[in-house]
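Colleague: The chain contents come next:
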Amino acid sequence: MQPFDYYKPKDFEEAFHLMNMPGKTVYPYAGGTDFIPMSRDGFWKCDAVVDVKALPGLREIKETPDGLFVGAAIRMNEIANSDLVKSHWDVLAQGAGSVGSEQIRNRATLGGNLCTASPCADTPPALYVLNATVIIRNAQGERKVAIADFFKWVRQTAVQNGDIVVGVVIPRPAAGAFGSYVKLSRRKGSDLSLVSVAALTFPNGKAANWRLALGAVAPTPIRTPAAEAILEESSDEAHIELAAKSAADTSKPISDVRASETYRKLMVANMTKRAVRMTLSRREKGG
Amino acid sequence: MLHEITFTVNDEPVTLAVKSHHTLLRVLREQLGLTGTKIGCENGECGACTILMDGEPVNGCMVLAVEADGHKIETVENLNKSGELHPLQKAFVEKNAIQCGFCTPGMLMMAKGYLARNPHPTEDEVRQAIVGNLCRCTGYIRIVDAILDAAKEVA
Chain D
0 MQPFDYYKPK
10 DFEEAFHLMN
20 MPGKTVYPYA
30 GGTDFIPMSR
40 DGFWKCDAVV
50 DVKALPGLRE
60 IKETPDGLFV
70 GAAIRMNEIA
80 NSDLVKSHWD
90 VLAQGAGSVG
100 SEQIRNRATL
110 GGNLCTASPC
120 ADTPPALYVL
130 NATVIIRNAQ
140 GERKVAIADF
150 FKWVRQTAVQ
160 NGDIVVGVVI
170 PRPAAGAFGS
180 YVKLSRRKGS
190 DLSLVSVAAL
200 TFPNGKAANW
210 RLALGAVAPT
220 PIRTPAAEAI
230 LEESSDEAHI
240 ELAAKSAADT
250 SKPISDVRAS
260 ETYRKLMVAN
270 MTKRAVRMTL
280 SRREKGG
Chain X
0 MLHEITFTVN
10 DEPVTLAVKS
20 HHTLLRVLRE
30 QLGLTGTKIG
40 CENGECGACT
50 ILMDGEPVNG
60 CMVLAVEADG
70 HKIETVENLN
80 KSGELHPLQK
90 AFVEKNAIQC
100 GFCTPGMLMM
110 AKGYLARNPH
120 PTEDEVRQAI
130 VGNLCRCTGY
140 IRIVDAILDA
150 AKEVA
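Chains as they are written, first to last, in numbering that gives the first Met the number 0: chain D, 0 to 286; chain X, 0 to 154.
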C-alpha cells in the first residue's frame, strides 16, 4: 500500500483544517473496508486520511424531533442490530444486515456505504423509500441533501472535496408502516447485489401508499413511481404482477461480469414481487 | 508517519510504533510475531485474517494498525494460552474440521466471536455466520459440525 498520513481529529475545526491542507489530497476515513482495498490496489491515491470516528455525533444513533439520526461512522451491524432502528426503520436494518460478511459489517459504516456510492450498495434503496436526508458539513457550514439528490452517478455524489458526511436523518414513517429489503446475489451471503429492491407501505386513510426503490440496476438507486402508483390502486396479485413489470421497465441495468442486462431486468420483476409480498405478509402479521 | 499506539493483544498491554498505512494484520504478524493470523486475499473476502476487536470478529486486513489504539485485540494464539486447547479447537480436532488448515485460525476466531453473541445457534445460523470465511478445501460440513459441537460445550 502506498504510504499516507493518518489523523484522528476530535472536533470539526481541526478536521476541516486537516481536510484543507494546501497541496494535499486528503480523504475522510471511516470503516476502511472500501478505502483499504482501493488504496492498496492503487485506485485511490491520497496524501492523508482524516479518521472521522472521533468527531462529535458521528458515532450516535438517536431519535430526534426530525426523525432517526444515524451518524456516518455507525457500523452496519450496529444498524442491523439496533432495537431503535428496527422499531420504525426496519427496512434500513434489513439493508445494513445484508452487507458483506459479519466481519465487514463490524467495520463498514453508513457514511462509507453512501460516499463510496456503488450502485449495488445495500443501504441506499432503504434510505430512498424512507425519504432520508444526508447531513454534510464543511469549513463553511452544514447543508442538507435529500437522498434522491445525493447520488449523481456511479461513485459520484453531492460530496465535494473538503466535505464530511455527518450522518442521515430519517423521518419516522407513519404508524402502520412496513418495509422489506430483498437482495439477489450469486451466493447467499457476502456477495454484491445483482438486483435489490426496498419496499415500504404505510396507510393513507383507507388506502395504502407505496414506495419502491431499486438498487444495482441503474447508475444510482432509483424510485419507481409508475410501479408505486399501480400498487396504490391495489396490491392484489394482478397489480403486483403489473407493478413488477413496470419496475423492470423503469430499471436500466448493465451487463457485467456478474449478470446480463436481460437477466437483471427479469430479476427486477421477480425481486419486486418478492419485496411487495414480503411487505404485505409483514403487514398481515403486524411485524 | 509513525504513531505510538497502546492496545491490548491477547490480554497483554502492548505499546509500539506503527506506520499509518500498515494494516493491523501486518503489524500483528511482522511486529508482534503473531503469525497464527493468516494473510489470504487481503481484500476482506476470505476471512483467513479474522481476529476479534473488542470481542467482535473483523478482518485484520481491513483495519489500519493505528486504529487499534485503545482497543482490545484477540488472535488465535490466545485460545490455548493456558496450555489447554479451547473447546472450539478440541471440536475442530475431534470432527476433523481441518484439511490444509489455512482457514482454521480465521474460522476459530469467527466462531468464538459469534458464539459469544449467539451461544445456541442452529446449523443454518452457523453457516450464515461463516459466509465471510472461505475454506478452499471446501470442508464446510465438518467445520459447521465442529462449531455446533463446541457450542454445546461452551454454553
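Where hints are given, some of them may not hold.
[Claimed, not checked] Pairs of lysine to aspartate or glutamate residues, derived as EDC-like cross-links and limited to a Cα-Cα distance of at most 20 Å, are as follows: (1) D:251 <-> D:236; (2) X:71 <-> X:93; (3) D:52 <-> X:53; (4) D:187 <-> X:44; (5) X:18 <-> D:77; (6) X:18 <-> D:50; (7) D:187 <-> X:122; (8) D:187 <-> X:123; (9) D:7 <-> X:68; (10) D:52 <-> X:122; (11) D:52 <-> X:68; (12) X:80 <-> X:44; (13) X:151 <-> X:124; (14) D:284 <-> D:236; (15) X:18 <-> D:40; (16) X:94 <-> X:73; (17) X:151 <-> X:93; (18) D:61 <-> D:46; (19) D:52 <-> X:55; (20) D:52 <-> D:231; (21) D:9 <-> X:68; (22) D:23 <-> D:4; (23) D:7 <-> D:50; (24) D:7 <-> X:3; (25) D:9 <-> X:55; (26) X:18 <-> D:46; (27) D:187 <-> X:3; (28) X:71 <-> D:162; (29) X:89 <-> X:73.
These are computed hints drawn from the structure, not numbers from a lab.
Colleague: Each hint: holds or not?
Modeller: Taking the hints in turn, this is what the structure says about them:
no.: 1; hint: D:251 <-> D:236; verdict: violated, 25 Å
no.: 2; hint: X:71 <-> X:93; verdict: violated, 30 Å
no.: 3; hint: D:52 <-> X:53; verdict: holds, 16 Å
no.: 4; hint: D:187 <-> X:44; verdict: holds, 14 Å
no.: 5; hint: X:18 <-> D:77; verdict: violated, 29 Å
no.: 6; hint: X:18 <-> D:50; verdict: holds, 15 Å
no.: 7; hint: D:187 <-> X:122; verdict: holds, 15 Å
no.: 8; hint: D:187 <-> X:123; verdict: holds, 12 Å
no.: 9; hint: D:7 <-> X:68; verdict: holds, 11 Å
no.: 10; hint: D:52 <-> X:122; verdict: violated, 36 Å
no.: 11; hint: D:52 <-> X:68; verdict: holds, 13 Å
no.: 12; hint: X:80 <-> X:44; verdict: violated, 28 Å
no.: 13; hint: X:151 <-> X:124; verdict: holds, 15 Å
no.: 14; hint: D:284 <-> D:236; verdict: holds, 18 Å
no.: 15; hint: X:18 <-> D:40; verdict: holds, 18 Å
no.: 16; hint: X:94 <-> X:73; verdict: violated, 24 Å
no.: 17; hint: X:151 <-> X:93; verdict: holds, 14 Å
no.: 18; hint: D:61 <-> D:46; verdict: violated, 34 Å
no.: 19; hint: D:52 <-> X:55; verdict: holds, 17 Å
no.: 20; hint: D:52 <-> D:231; verdict: violated, 42 Å
no.: 21; hint: D:9 <-> X:68; verdict: holds, 15 Å
no.: 22; hint: D:23 <-> D:4; verdict: holds, 11 Å
no.: 23; hint: D:7 <-> D:50; verdict: holds, 5 Å
no.: 24; hint: D:7 <-> X:3; verdict: holds, 13 Å
no.: 25; hint: D:9 <-> X:55; verdict: violated, 24 Å
no.: 26; hint: X:18 <-> D:46; verdict: holds, 14 Å
no.: 27; hint: D:187 <-> X:3; verdict: violated, 41 Å
no.: 28; hint: X:71 <-> D:162; verdict: violated, 31 Å
no.: 29; hint: X:89 <-> X:73; verdict: holds, 19 Å
Consistency note: the structure conflicts with the earlier hints numbered 1, 2, 5, 10, 12, 16, 18, 20, 25, 27, 28.
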